[in-house]
Amino acid sequence: EAQVTQNPRYLITVTGKKLTVTCSQNMNHEYMSWYRQDPGLGLRQIYYSMNVEVTDKGDVPEGYKVSRKEKRNFPLILESPSPNQTSLYFCASSPVRGTLLNEQYFGPGTRLTVT
Amino acid sequence: GDSVTQMEGPVTLSEEAFLTINCTYTATGYPSLFWYVQYPGEGLQLLLKATKADDKGSNKGFEATYRKETTSFHLEKGSVQVSDSAVYFCALTDPWDNQGGKLIFGQGTELSVKP
Numbered sequence: 001e002a003q004v005t006q007n008p009r010y011l012i013t014v015t016g017k018k019l020t021v022t023c024s025q026n027m028n029h030e031y032m033s034w035y036r037q038d039p040g041l042g043l044r045q046i047y048y049s050m051n052v053e054v055t056d057k058g059d060v061p062e063g064y065k066v067s068r069k070e071k072r073n074f075p076l077i078l079e080s081p082s083p084n085q086t087s088l089y090f091c092a093s094s095p096v097r098g099t100l101l102n103e104q105y106f107g108p109g110t111r112l113t114v115t
Numbered sequence: 001g002d003s004v005t006q007m008e009g010p011v012t013l014s015e016e017a018f019l020t021i022n023c024t025y026t027a028t029g030y031p032s033l034f035w036y037v038q039y040p041g042e043g044l045q046l047l048l049k050a051t052k053a054d055d056k057g058s059n060k061g062f063e064a065t066y067r068k069e070t071t072s073f074h075l076e077k078g079s080v081q082v083s084d085s086a087v088y089f090c091a092l093t094d095p096w097d098n099q100g101g102k103l104i105f106g107q108g109t110e111l112s113v114k115p
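As given, the protein sequences belong to chains A and B, one line each in that order. Quick note, the first sequence lines up with residues 1 to 115 if you use our numbering. Quick note, the second sequence lines up with residues 1 to 115 if you use our numbering.
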């Protein structure tokens, strides 16, 4: 089944404790992206990757890191989480940018709470 | 910059009622427009899309027409069902941006359909 998977689905952590949220897709998509969803703000892009070893900042990258060592994986790293990073996080993937008509496929989401 | 504005929710309707969720956008280029749906506890799924002026996207009884003159992409359905209860997001991508396929989302509109 074609899908985007994220782990964990729920996470409660404390300020300053490094964490990683994994994202994996099995559709051989070049493009992957992370979004955060906050009430009243919709989804905002954190980072994106056009292909292996190519990553770039989205609209709200502060406090986050990503890596793209393999095509299928795009982990989101919070080196020192803070309470303002409490949010619902979505990973998404799509085929190459050349056809922007392509839909993005979203993972099920990771609900992160930082106390 | 580009932006999307949706009508405030929540919207509560009775089964078989007519649905309209308003969406307007601001974009410098000629964006592609999308409606995504998020069912409770799930990630976003593409509902429909339109890539140029006057295009009509449709799926599962939902429709939206790309209106360049009014910069709108309103979502409509003639007869809603309880199973349509979800959060609906209007979004765009701008082919001329330099962030390869970034989706810009509205804030989301929650729909609740009562039997």
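Derived from the structure by calculation, the hints contain no laboratory data. Incorrect hints may have been included.
Unchecked claim - Listed below are several chain B residues computed to face chain A (Cβ distance under 10 Å; list not exhaustive):
id: 1; residue: Gly1
id: 2; residue: Gln6
id: 3; residue: Val11
id: 4; residue: Thr12
id: 5; residue: Glu42
id: 6; residue: Lys49
id: 7; residue: Ala53
id: 8; residue: Phe89
id: 9; residue: Thr93
id: 10; residue: Lys102
id: 11; residue: Phe105
id: 12; residue: Leu111
Claimed, not checked - Some chain A residues well away from chain B (every beta-carbon gap over 10 Å; in silico):
id: 13; residue: Asn7
id: 14; residue: Leu19
id: 15; residue: Ser33
id: 16; residue: Gln45
id: 17; residue: Gly58
id: 18; residue: Arg68
id: 19; residue: Lys71
id: 20; residue: Arg72
id: 21; residue: Ile77
id: 22; residue: Ser82
id: 23; residue: Gln104
id: 24; residue: Thr113
id: 25; residue: Thr115
Each residue gets a CB set at the ideal place from its N, CA and C atoms; glycine is no exception.
Practice task
Please write out, lowest number first, the hints stated earlier that are contradicted by the structure.
Solution key: 3, 4, 7, 12, 15, 16, 17, 23
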